[in-house]
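A.B. asks: Construct all of the structure, not just a fragment, from the sequences and the given hints.
One-letter residues, chain by chain:
Protein chains: 2
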Amino acid sequence: MAQWIWYPGDFEFFLGLGVSAARMERGIVITPNWRVENFYNNVRFSKEVELKEDQRIRIYSTGTQCVMLDYDWYSHYDPREGVLVPKGKHVIWVYVFSRELLPSIYINCPGVETDASWQVTSDHLRWKKAGCWNFTDPEKPPTTFRLERSPIEPEKITLLEHGRLYDFGRETMAFVKGEVSGSGTLTVFFGESREEALDTENCCIFECVSVEEGMDSFYIPRSQAFRYLYIPDVPGITLGRLHADYEYLPVKNKGAFQSEDPLMNQIYEVAIRTMHLTTREFFLDGIKRDRWVWSGDASQSYLMNYYSFFDNDVCKRTMRLIRGKDPVITHFNTIQDYTLYWFISLWQYYLYTADQEFMEEMYPAACTLMEEFCLPQTDSRGFLMAKPTDWVFIDWADIPDMNKGDLSFIQLLFAYALKALGQVAGVLGRQKEQERYEGMHRSLLEQVFAVFWSEERGCFTHGPAASPDAYVTRYANIFAILFGCLDQEKTQRVIRSVLCNDAVYEITTPYMKFYELLAFCEAGLFQEAESYMKSYWGGMLKLGCTSFWEKYDPKNTGIQHAHMYGLKYGVSFCHAWGAGPVLLLGKYYLGVRPVTAGYEQFVVEPHLIGGRQISGKVPVPEGEICVALDQERAVVENHSPGTGELLVDGRRIRIPAKGRVEVKRQQAGIE
Amino acid sequence: MAQWIWYPGDFEFFLGLGVSAARMERGIVITPNWRVENFYNNVRFSKEVELKEDQRIRIYSTGTQCVMLDYDWYSHYDPREGVLVPKGKHVIWVYVFSRELLPSIYINCPGVETDASWQVTSDHLRWKKAGCWNFTDPEKPPTTFRLERSPIEPEKITLLEHGRLYDFGRETMAFVKGEVSGSGTLTVFFGESREEALDTENCCIFECVSVEEGMDSFYIPRSQAFRYLYIPDVPGITLGRLHADYEYLPVKNKGAFQSEDPLMNQIYEVAIRTMHLTTREFFLDGIKRDRWVWSGDASQSYLMNYYSFFDNDVCKRTMRLIRGKDPVITHFNTIQDYTLYWFISLWQYYLYTADQEFMEEMYPAACTLMEEFCLPQTDSRGFLMAKPTDWVFIDWADIPDMNKGDLSFIQLLFAYALKALGQVAGVLGRQKEQERYEGMHRSLLEQVFAVFWSEERGCFTHGPAASPDAYVTRYANIFAILFGCLDQEKTQRVIRSVLCNDAVYEITTPYMKFYELLAFCEAGLFQEAESYMKSYWGGMLKLGCTSFWEKYDPKNTGIQHAHMYGLKYGVSFCHAWGAGPVLLLGKYYLGVRPVTAGYEQFVVEPHLIGGRQISGKVPVPEGEICVALDQERAVVENHSPGTGELLVDGRRIRIPAKGRVEVKRQQAGIE
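Here the protein sequences line up with chains U and P, keeping their order. If you read the first sequence in our numbering, its first letter stands for residue 164, the second for the next number, and so on. If you read the second sequence in our numbering, its first letter stands for residue 164, the second for the next number, and so on.
Hints listed in this document are in silico derivations from the structure and should not be mistaken for laboratory results. You may find that some hints are simply not true.
The list treats identical chains as one, so a pair stands whether inside a single copy or across any two.
Said to hold, decoys possible - Below, in silico cross-link-like pairs of lysine-lysine (DSS-like), each with a Cα-Cα straight-line distance of 25 Å or less:
| id | residue 1 | residue 2 |
| --- | --- | --- |
| 1 | Lys215 | Lys252 |
| 2 | Lys550 | Lys210 |
| 3 | Lys550 | Lys292 |
| 4 | Lys550 | Lys291 |
| 5 | Lys292 | Lys488 |
| 6 | Lys291 | Lys488 |
C.D. replies: This is the structure in structure tokens:
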């Protein structure tokens, strides 16, 4: 089937240009402090075709086009008439140029259909497999892509002394529109909270609408994040019905979670909603702020996605956008660890999806990133050093200043990034490269233990353990558990000395808290994880949140929760990294996770919530796995071609392909 | 004085996008087979300012803007009101984002004026000196730049049986416009020759004009190259006055040349005209075709420019555009030698202009080009090897196939490129780097002599001299003379065995012929050069040319002259490399050339034309040098602060700064 094709990655850069300039603050567009990529303007498509008879090939394109047939200019070319290609074998080259639109072509003629079998070049030397997605209509090129829209209405309208307050009932992202007459300037104040919308001096987002005589409606052409809108009365303007178009990526939650605890169920629902709002052209951090694509944030969204939408496309788009073009000059989003997450996410994507094609696409870019950007920054120990200009962001905890290079968590992440790249190499049958990267992984890991492991304290220290100022943070210790670097004994020591030790700097972001909870679960501390979920995410729900926040400190009250960065409403109230329970509940409570790529083999190791009951399902590439657990039995329905093992009460029961397993539990209430 | 500023090089890439998509062939845009650069979309400008009192800073920009003051977001920012900057020292950051327009800013407040003292970054790590030119009006940002236009009229209108033929009297580049009424589609056929315009099936360029009821005029929004226009009659359309807007870069010829030979004077005039037509946003190869920027072609235009417009800006724009961005993946214009000319042109630019600032701007990019692109492609001898995909273009002579790596002319060009880069390093006081590159130059030159010099034949062979198939071409021998690699004795041998040897493959492009004529002059063969100019350029004039051609073979007749690339009108009839006499007459007959950068020291070594008289002037950075020579005396008027030497009749006479020298010749008619 013919598809629109383009230079791989360029569709993402084309969309990224729009996304990078969508964050607003009081009428001003705030743009990122990193390089924003543009697509290539002048690309050449190529294909060797064999025709059974002479044909006129009609080429659709999103820019100017010119054609070479068998390495000669096709002269007297009229694109409306097409290219006359004689019977037999021929090489077709199509040059497409556009200043402003992604260059792309579409051909749908017998024997000549555009698809991923075409080659494309931007530098006119190195050919790559063409990029494509699901654009099959010649009249709808990729440049017409936009998210879906569907109408929404305010749930409640309150007439105030000087204006109207609209409550849409929950956080949303929408184009505001309305009926209007008269003339003047209407201002719409947006709020993720009621307080924000009403605080016209300090709310983050407002839009001005010029109303002119003869207009009967308005449509704000930018979608914005809000739950509340406040519109002050303007003499001379009559405002009629106000509503909006919800803007969203059409993905559906393919997972499910249910327990007897309504709070946990609500946490799951709101986490899914938070995920959906932040899952768009790309995985965004938050929909109000920063409305940007951050590699560290995205590395969590990918994981949550595997337990909800299982949408490969948004993962691929996000990874392509973050990788950008060469030369890489700064760490992704300028943050040292954010580069490293990208490698790890690439491997995890393969583990969940078994999408080998994407590995083939990205592996060369992953290698140049490692070889040309990361490795030249290592020291004699193999440690990834930081430049003074690098940002090393891990959490907002108030920890002492650090020598950016000698940080245990960075080196652990780097070691795991090397391993991830080695594993990707292995998937592609590049054994030598696999050995190289995995060898580097092993020797780096040895160095990490030598430098950062404190036998005395029973954990990794933040900087070198031998330093007289050495102190402990949670980060490296969490990663060590997640990456499986610790044996049983060391794991237990880390749990005691760090994870369950209140004297260690508390984690202040849900972002890092997410990893801590994963580590709790990996270490078997399900009670602790559950109880934290209830108090932390439950705490936000008690405050009436309809999506999870960027930051939540139970010690705050009222609108204090919104304060950040010196701004009254600085906190993002719909932030992807707040959706952690999606993964926690799916991977550790329903307990479903892949053992080999794409769930060809998997395990189901369920755990109860509140000691009672849970049920739900987890999507896999070719189906889903349904799990139910209560004190009496465990049931797994495997609607997938993979095979698995049910781990319950210390037993291992084989789960057949497309089969069902029901196990009577031997000791009720064992958990 | 405040100026619009931008990321250095981006103005060129912004203009380059337009120029790269302006070549047309029968309604189709033909785009180059190399990467076309785009500007950076998201840049950040920075300046540390010190204000004597509080000020509101109004920032003009060509994209969205947001501001950081002393590393904090400037919130509640309304660009119409400006940024309130308190008295004292502050760091201002302005972020500008634009998808489609070059991001640029303009500030004109006391103490805060945008100019080249600002810094700018595209990758948000490495800061560069901001780019600027002569945009000082806040309402006219660099994105509004366009060439000048002035109205022109056809010289002659011929009514033919089915249409009208307009002759504008000479080659031009213009927007065609006219008075019209009725309805239908008018087609305008363009011709650099009468034949081309009338050959509606094969002419290179045509434009269709939709005429609708109520229209009284039309304006074709693309300027095109032509001398003739043919417009067939269309029933239902009445065509009134037809005229055009000549489009040009407003540069003036600051040189002059006059002799008693009207043909030579005409050659000079038409060469200047050819130069002017091809000197535009950048130095183009030809105005009809390819209408692109080729490094090899431009390397000649720069030189001609120093003897005519002496416009530094078009040189800088062209060199920036050709250099492009990193990573460099292919040779410039895909041609191996075209990369090398760029280095040489950079040095020559300095020699003529003494523009150290531009050396500072380009030196880092010149180094990465050498270190990251060229040097990794060298073999153990230091030879620059070619990849199979590289194009090695030197001339259209029908010489045997060659091993692309082992070519004497490439290695000589490479050696001189290394020397040029070393000299640029020297200008910037980078002594070690100068020594490095000049050392590489010397050892490469030794290798070149060892491998390619044939003592037996008394010249360089095309490939290795020891090869049994070795043959001789002119190219390396010409370059060896131009680069001063040969001693007196070797020079004489090369002249005899190559330059004056008809058995050696004849040069077929004016492009390479240009270098051969320079070599003739360098070797003192003025009679030969003069006689060739008269026959070759004079030959075109006899055929009625009004600008010089891409190719001219006296053996052809009539419209045969236009045949090329299998196209009836393939030859470009206004081609920069056809303007060689501008340089020949200025540098070798008026004989004015710099000895040290910017003509601080210079020589004047004039030669007669036709044994009679010549006079003229040559522009220098701060003035001009006027020369007159006849059989009795030589006169130099030095309207510049530099000092020179007049070399005439074997004498050396000092020319003082801003002074005049008149010398009676001792032997009349010596030449």
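A.B. asks: Please go over all the hints and tell whether each is borne out by the structure.
C.D. replies: Each hint, compared with the structure:
1. Lys215 to Lys252: For Lys215 and Lys252, the Cα distance is within 25 Å only inside one copy (9 Å; across copies 75 Å).
2. Lys550 to Lys210: For Lys550 and Lys210, the Cα distance is within 25 Å only across copies (23 Å; inside one copy 45 Å).
3. Lys550 to Lys292: between (35 Å within a copy, 22 Å between copies)
4. Lys550 to Lys291: Answer is between: at 19 Å across copies they meet the 25 Å cutoff, but 33 Å inside does not.
5. Lys292 to Lys488: both (16 Å within a copy, 24 Å between copies)
6. Lys291 to Lys488: both (14 Å within a copy, 20 Å between copies)
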